[in-house]
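J.: Residue-level listing of the chains:
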Amino acid sequence: GAVVSQHPSWVICKSGTSVKIECRSLDFQATTMFWYRQFPKKSLMLMATSNEGSKATYEQGVEKDKFLINHASLTLSTLTVTSAHPEDSSFYICSGIRNTEAFFGQGTRLTVV
Amino acid sequence: DAKTTQPTSMDCAEGRAANLPCNHSTISGNEYVYWYRQIHSQGPQYIIHGLKNNETNEMASLIITEDRKSSTLILPHATLRDTAVYYCIVTRSGSARQLTFGSGTQLTVLP
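Chains L and C, in that order, are what the protein sequence lines are.
Residue 33 in our numbering is what sits at position 29 of the first sequence, and the numbering runs on without skipping anything.
Residue 31 in our numbering is what sits at position 28 of the second sequence, and the numbering runs on without skipping anything.
Since the hints were derived computationally from the structure, they do not count as laboratory data.
Heads up, a few of these hints could be off.
Among chain C residues calculated to face chain L with C-beta under 8 Å, some are [what the hints assert, rightly or not]: (1) C15; (2) G32; (3) Y35; (4) S44; (5) G46; (6) P47; (7) R84; (8) Q101; (9) L102; (10) S106; (11) G107; (12) T111.
Simulated pairs of lysine to aspartate or glutamate, EDC-like, Cα-Cα distance not exceeding 20 Å [claimed, not checked]: (13) K70/L with D92/L; (14) K68/L with D31/L; (15) K24/L with D69/L; (16) K55/C with E105/L; (17) K45/L with D14/C; (18) K46/L with E105/L; (19) K72/C with E34/C; (20) K18/L with D69/L; (21) K68/L with E26/L; (22) K45/L with D85/C; (23) K24/L with E105/L; (24) K6/C with E63/L.
Computed from a predicted model, the values in this text were never measured in an experiment.
No residue lacks a Cβ here, since even glycine has one placed at the ideal position from N, Cα and C.
Please build the complete structure, drawing on both the sequences and the hints.
T.: Right, here's the structure in full:
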């Protein structure tokens, strides 16, 4: 299957700082990528749709000014959690689309202290 | 996308077949049944998908009932590494492919 790589795998940051998470499609071009968030013992929840060359589309209840998404190339989408707070601690997962199929990154564990 | 219903958890003995059921009684004619699994602290992994015919690949088999209102994922010889949450998702192939994840089934393979 296609390969989607996320970096970093885990990060710990201080409250009030910003954290950038990268999602790369390694062997295909992804005009669309999706960002999900998963809290402990819960299912994945879609946060936003990242579109190459245009603005991201956010799901209801997700603050676009807090979760900045940039999709500047066909192989890279980034999610920046701005002014992070402990309640933003979660598992963030991206997916890229190849031939209408979704392939997921390995996820990023964010802990805000 | 059609809603799916799965048991919360299941156990299976190592080496035995694991049969994971999924109900999707409101599935539409153009919707596929997809199965993904998520091993702890990893991203979801694609397993298999089908429209109406039974499907088999190197990981699993998918049995879809004739009325398409339910399906069963079969792992023929479960190993400890198959312990994961298994998600059954119904969606139109060719759509934007954001996926709606339900609660899934926690499969625990016991030694």
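J.: Taking the hints in turn, state whether each one holds.
T.: Each hint tested on the structure:
Interface restraint check for C15/C: the shortest CB-CB distance to chain L comes to about 21 Å, outside 8 Å, so the restraint is violated. The interface hint given for G32/C is broken, as the beta carbon of that residue sits about 18 Å from the closest beta carbon of chain L, more than 8 Å. The closest approach between the C-beta of Y35/C and any C-beta of chain L is roughly 10 Å, which is over the 8 Å cut-off, so the hint fails. Nearest Cβ of chain L to the Cβ of S44/C: about 7 Å, under the 8 Å cut. The hint holds.
Because the smallest distance between the Cβ of G46/C and any Cβ of chain L comes to about 4 Å, under 8 Å, the interface hint for this residue holds. Checking P47/C against chain L by beta carbon gives a least distance of about 5 Å; that is within 8 Å, so the hint holds. Nearest Cβ of chain L to the Cβ of R84/C: about 16 Å, over the 8 Å cut. The hint is violated. A cut of 8 Å between beta carbons decides the hint on Q101/C: the least distance to chain L is about 5 Å, and the hint holds.
Taken as an interface hint, L102/C checks out: its beta carbon lies about 6 Å from the nearest beta carbon of chain L, inside 8 Å. This hint holds: S106/C has a C-beta 6 Å from the nearest C-beta of chain L, less than the 8 Å allowed. This hint holds: G107/C has a C-beta 6 Å from the nearest C-beta of chain L, less than the 8 Å allowed. Checking T111/C against chain L by beta carbon gives a least distance of about 14 Å; that is not within 8 Å, so the hint is violated.
For the given pair, K70/L sits about 10 Å from D92/L by alpha-carbon distance, which is consistent with the 20 Å threshold. Of the pairs offered as hints, the one joining K68/L and D31/L is violated, with about 29 Å between alpha carbons and a cut-off of 20 Å exceeded. As the CA atoms of K24/L and D69/L are separated by approximately 14 Å, the hinted pair is consistent with the 20 Å bound. Between K55/C and E105/L the alpha-carbon distance is near 18 Å, which keeps this suggested pair within the 20 Å criterion.
The straight-line distance between the Cα atoms of K45/L and D14/C is roughly 18 Å, inside the 20 Å bound, and the hint therefore holds. The hinted pair formed by K46/L and E105/L fails the criterion: a straight-line CA distance of about 23 Å is larger than 20 Å. Taking the CA atoms of K72/C and E34/C, the gap is about 11 Å. The hint holds against a cut of 20 Å. For the proposed pair K18/L and D69/L, the alpha carbon gap of about 19 Å is at most 20 Å, so the pair holds.
Between the alpha carbons of K68/L and E26/L the distance comes to roughly 17 Å, so the proposed pair stays at or under 20 Å and holds. Of the pairs offered as hints, the one joining K45/L and D85/C holds, with about 18 Å between alpha carbons and a cut-off of 20 Å not exceeded. Between K24/L and E105/L the alpha-carbon distance is near 26 Å, which puts this suggested pair outside the 20 Å criterion. Taken as a hint, the K6/C and E63/L pair is honoured in the structure, with Cα atoms around 19 Å apart against an allowance of 20 Å.
The structure does not agree with the numbered hints 1, 2, 3, 7, 12, 14, 18 and 23 stated previously, though it agrees with the rest.
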